[in-house]
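Protein sequence lines correspond, in order, to chains S and U. The opening position of the first sequence corresponds to residue 1 in our numbering, with each subsequent residue numbered one higher. The opening position of the second sequence corresponds to residue 127 in our numbering, with each subsequent residue numbered one higher.
A portion of the hints provided could be inaccurate.
Cβ-Cβ distance ranges computed for the label pairs, FRET-style [unchecked claim]:
1. S:G118 / U:T409: 40 to 48 Å
2. U:L483 / S:K61: 46 to 54 Å
3. S:E37 / U:A338: 52 to 60 Å
Calculated cross-link-like contacts (lysine-lysine; reagent style DSS-like; alpha-carbon spacing at most 25 Å) [claimed, not checked]:
4. S:K72 / U:K370
5. U:K160 / S:K68
6. U:K308 / S:K61
7. U:K162 / S:K72
8. S:K56 / U:K370
These are computed hints drawn from the structure, not numbers from a lab. Glycine included, C-beta positions come from ideal geometry on N, C-alpha and C.
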Amino acid sequence: MSDAENLVEVGPASEFEDGDAEIVQVGRAEVGVIRAEGEFYAIRNQCPHDGGPVCKGNVQKELVGEFKGTGKRVDQQYSDTDIISCPWHGWSFELDTGIHIGDDRIRVPTYDVVVDDGIVYVDKGD
Amino acid sequence: MIDAESELVVDCDWHYQDSFKEVAEYMPEPWYTKYKNSNWDDAGVKQNLSSFFPTSTGDRQNYGKVLREHSNYPEEPEDPERVTEGMDFLDIDVSLQISHLILAMGGVTADDERVQAFTKGYIEYMLEEVLDPDEGVYGLAPMPYGDVEASLDILERVEDEEAYVGACFVTAGASPPLGNRKYDPIYERCEEMDFPVVYHTGGSGLDEYVRAGYQEMIETHTLGFLESNMSQIVSVACQGVPEKYPDLDIVFMESGVTYIPGLVSRLDEEYLKRPEEAPLLDTRPSEYITDFYFGTQPLEVSARNDLLELCFDMIGTDRLLYASDYPHWDFDSPSIINELPMLDDDERRAILGGNALEVFEI
Ligand code: FES
Numbered sequence: 001m002s003d004a005e006n007l008v009e010v011g012p013a014s015e016f017e018d019g020d021a022e023i024v025q026v027g028r029a030e031v032g033v034i035r036a037e038g039e040f041y042a043i044r045n046q047c048p049h050d051g052g053p054v055c056k057g058n059v060q061k062e063l064v065g066e067f068k069g070t071g072k073r074v075d076q077q078y079s080d081t082d083i084i085s086c087p088w089h090g091w092s093f094e095l096d097t098g099i100h101i102g103d104d105r106i107r108v109p110t111y112d113v114v115v116d117d118g119i120v121y122v123d124k125g126d
Numbered sequence: 127m128i129d130a131e132s133e134l135v136v137d138c139d140w141h142y143q144d145s146f147k148e149v150a151e152y153m154p155e156p157w158y159t160k161y162k163n164s165n166w167d168d169a170g171v172k173q174n175l176s177s178f179f180p181t182s183t184g185d186r187q188n189y190g191k192v193l194r195e196h197s198n199y200p201e202e203p204e205d206p207e208r209v210t211e212g213m214d215f216l217d218i219d220v221s222l223q224i225s226h227l228i229l230a231m232g233g234v235t236a237d238d239e240r241v242q243a244f245t246k247g248y249i250e251y252m253l254e255e256v257l258d259p260d261e262g263v264y265g266l267a268p269m270p271y272g273d274v275e276a277s278l279d280i281l282e283r284v285e286d287e288e289a290y291v292g293a294c295f296v297t298a299g300a301s302p303p304l305g306n307r308k309y310d311p312i313y314e315r316c317e318e319m320d321f322p323v324v325y326h327t328g329g330s331g332l333d334e335y336v337r338a339g340y341q342e343m344i345e346t347h348t349l350g351f352l353e354s355n356m357s358q359i360v361s362v363a364c365q366g367v368p369e370k371y372p373d374l375d376i377v378f379m380e381s382g383v384t385y386i387p388g389l390v391s392r393l394d395e396e397y398l399k400r401p402e403e404a405p406l407l408d409t410r411p412s413e414y415i416t417d418f419y420f421g422t423q424p425l426e427v428s429a430r431n432d433l434l435e436l437c438f439d440m441i442g443t444d445r446l447l448y449a450s451d452y453p454h455w456d457f458d459s460p461s462i463i464n465e466l467p468m469l470d471d472d473e474r475r476a477i478l479g480g481n482a483l484e485v486f487e488i
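Bound conformation, chain S alone:
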């Protein structure tokens, strides 16, 4: 469990629907707290591409492809991974890790989220 002084209060968990994002200030950073499929994620609201508001983007499952054999069409399916796409140019990141889905060297900082007594908090990680 995180230290209480490290927690930034976001609000009641009951006020979040899937896909909702709430922006809070964590230190000097703007952080978006996002609910996807009942889980909470927190991710820096600043896109490493050109500073766009990542957390305002669409949350969806990652579309992946699998080679099914010589001459076959690549099989495309939505995986279980939740991603968020920056609304400015579409760079997309795994919500869980903040890693860019096309290049794992690019990452948006993520934060731990704590839900305590029905209230959502972001852990500053200090």
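Following the hints, position chain U with the ligand against chain S.
This is chain U with the ligand only, laid out in the frame that chain S set:
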């Protein structure tokens, strides 16, 4: 019936068998001089109409400025001796021969078997008359890739022939582009045989396919070759050929090196915005493309040296293969590589020969 002989008869379509040679005498300058210097003399009506009228732009001999022996297309059939003569002239020990005529296959739209028949004939002719591993003369088997079965037949035919060391795909005009799954069986077989796939550009004479109306060869020779290779590099990489066939060696020929950093930078930029459209890739396309091999000719030695150095750096000196393009008019001799100031001697050796011996297992 009338008596036609005594009537007036008008024939509205007679073909006068004019020849450029006679007409040129009456042409205005500068065309008269350009024509006179173009070695198109004496061909009578059998001459290739496209050499002057625009299915092609200009004269690759630069209207008489390029005078080197063997540089022009010969009027006589090629003589196998000229291969070893040329190798002596350039001081080359091993050469990989590709078909000159096959470069135009991209222009064939007829649903017949001319490309298949030509490639089958070419394979046998070269084996019989020209290729000679003892003399260092090896061949690349042209793929009539529009017909996958025929391509597999050719691979089967050359599999145990020491003289053939790879498969050649002409990049000009390939449609659908060469990353399409349609060609998978050819790639699968090449991977199995340890046969590098050599994509060879073309396009200076097929300029109409890019955009009609260019005037001079300087325009189409610059653009056509690049466009043909770039189209296929993008398709092969984005469709994941290197992921599907990870042991397949991929080689791109004849567009110099400076286009690679520009192309991969642009492609990476697109990829970061739309990676789900290249779903087989694990990382940026540039990471795959710089694993390909690239023929160096025509090397842009007039470019800023730091640009050339950057290109060599991005591609990697272990990925560059010296190529002469001999006897074409814009050939590079080995000194083009040897005199590059940014290379050390090991890198010179690798580019001039070592890399190729490894890739083609010669
Ligand atoms: S700023 Fe986010 S994708 Fe460009």
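Cross-check of the supplied hints:
1. Between G118 of chain S and T409 of chain U the Cβ separation comes to about 42 Å, which falls inside the hinted range of 40 to 48 Å.
2. At roughly 48 Å, the beta-carbon separation of L483 of chain U and K61 of chain S lies within the given 46 to 54 Å, and the hint holds.
3. As the Cβ distance of E37 of chain S to A338 of chain U is approximately 54 Å, the hint placing it in 52 to 60 Å holds.
4. Of the pairs offered as hints, the one joining K72 of chain S and K370 of chain U holds, with about 11 Å between alpha carbons and a cut-off of 25 Å not exceeded.
5. For a cut-off of 25 Å, the pair hint linking K160 of chain U to K68 of chain S is broken: about 57 Å separates their Cα positions.
6. Between K308 of chain U and K61 of chain S the alpha-carbon distance is near 29 Å, which puts this suggested pair outside the 25 Å criterion.
7. Distance restraint check for K162 of chain U and K72 of chain S: the Cα-Cα separation of roughly 55 Å exceeds the 25 Å cut-off, and the hinted pair is therefore not satisfied.
8. Using a Cα cut-off of 25 Å, the hinted pair K56 of chain S and K370 of chain U is violated, with the two alpha carbons roughly 36 Å apart.
Checked against the numbered hints above, the structure breaks hints 5, 6, 7, 8 and satisfies the rest.
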